[in-house]
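Novice: Spelled out, the chains give:
There are 2 protein chains.
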Amino acid sequence: MKLDHLDTVKRFYKFHKRLPSYSEMLKLFDFSSKNAIYRIIQKWIEEGLIKKDARKLAPTSKFFSLPFLGIIKAGFPILAEEDKNYLTLDEYLIEDPHSSFILRVSGDSLINVGIFDGDLVIIERSQQALSGDIVLAQIDREWTLKILRKDNQKKSYLASANPKYPPFFPRQELQIHGIVKAVVRKFN
Amino acid sequence: MKLDHLDTVKRFYKFHKRLPSYSEMLKLFDFSSKNAIYRIIQKWIEEGLIKKDARKLAPTSKFFSLPFLGIIKAGFPILAEEDKNYLTLDEYLIEDPHSSFILRVSGDSLINVGIFDGDLVIIERSQQALSGDIVLAQIDREWTLKILRKDNQKKSYLASANPKYPPFFPRQELQIHGIVKAVVRKFN
DNA sequence: AAGTCTAGTAAACTATCGTTCACTTTGTCA
DNA sequence: TGACAAAGTGAACGATAGTTTACTAGACTT
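Chain order of the listed sequences is W and E. Read in order, the letters of the first sequence are residues 1 to 188 in the numbering used here. Read in order, the letters of the second sequence are residues 1 to 188 in the numbering used here.
Any given hint could be a false lead.
Since copy identity is lost for identical chains, a pair holds within one copy or between any two.
[Unchecked claim] Okay, derived cross-link-like pairs now, SDA-like style, lysine to any residue, Cα gap no bigger than 25 Å in a straight line:
no. : residue 1 : residue 2
1   : Lys73     : Glu173
2   : Lys73     : Tyr165
3   : Lys10     : Phe101
4   : Lys10     : Ser61
5   : Lys10     : Ser126
6   : Lys52     : Tyr13
7   : Lys186    : Ala54
Don't read these hints as lab results, they were simulated from the structure.
Put together the whole structure using the sequences plus the hints.
Specialist: In structure tokens form, the structure reads like this:
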């Protein structure tokens, strides 16, 4: 597969975590006039891959992102949605980076909600957890990841998402430290 | 929660997709000498949040990433791993951005491998799929997302990960278009 | 064959970049 | 209280940034 100029810039970005300057692109593309670069950049700007503010280059999210092809209905053909749809996972999954962190899950107590042993969960420190939320909690001083439930007396307790484990009622106290906002699993 | 200088820069980055220049930081931090900025940047470089190459600033992955706190074993306390561990989801999940794309899954045929209705899957166009891989395939011209199996005669067929669906043997042809590399699910 | 696009070269320009040096203010700790 | 370090000011520096204009060679029309 041959690399065009955009691929070269993406490679540069991946390695350096920044866009190359015009003079750097001169070398990368083996050109000898900055004007050639200027024109190429203009084209990318029109295509929405790059933008400029205050005369400085910056990538757009289209630059980073993967094509989002559409929905696959098991048993049905692909419904390819709008042609130009792109997605950056970090942006999609993490709404408030400031108050979020990642944990690896060990154990099978949440398999029924599709959280498996080894999965990563993104947790947001949060004030208010609702019944049904999957929460990082401390129940009687012991940390755990479970589903928050409130019974009809509004008393909170924790439930597993695996029928083989019973619900946990706090003896003394139940502290909610965060809400699971997303799960992520990598195969292999 | 009060914003320190680093937070301000992160906000700027999130919005502009680039780091602010020294003069821009002057305004952001309300300083009046570039030297003050210079010193702050030096500190961030020592902390590994920012780096410089060819006199140009660039963030490191530590800059973007969420703290990876460790493993939570259901029923056991948090095992907080090494203090400084960071993770960027895009980098973690997508190995080859060039040949990857995203699809939203509709249907329950893969629930047993933890892929639910509405989840996003990251698919890599790939030459070689192994038995057991979850693949995007075309079986007798119909697109689907299933588990690839090979029987003892090395004949390929597709299986669901839901016992209520039978395996699919191709009448004429079976084309593998990609392998599912990761799943991602957002709550709410 | 003439005319028009496209993609590149070459050179000059200003603004801003990140750096450096010398000095001043503020805070901390003995 | 005095000393020292940390944090900020202010000004000057050369290097590089992105932009602009003018020109050229090849490819595509018609």
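Novice: Please go over all the hints and tell whether each is borne out by the structure.
Specialist: We went through each hint and held it up to the structure:
1. Lys73 <-> Glu173: For Lys73 and Glu173, only the inter-copy Cα distance (20 Å) is at most 25 Å; the intra-copy one is 45 Å.
2. Lys73 <-> Tyr165: Intra 33 Å, inter 14 Å, cutoff 25 Å: inter-copy only.
3. Lys10 <-> Phe101: between (28 Å within a copy, 16 Å between copies)
4. Lys10 <-> Ser61: Classified as both: same-chain Cα gap 12 Å, cross-chain 16 Å, threshold 25 Å.
5. Lys10 <-> Ser126: Classified as between; 21 Å across copies, 36 Å inside a copy.
6. Lys52 <-> Tyr13: Both: 16 Å inside a chain and 14 Å across chains, each within 25 Å.
7. Lys186 <-> Ala54: neither (39 Å within a copy, 35 Å between copies)
In the structure shown, a violation is registered for the earlier hint numbered 7 alone.
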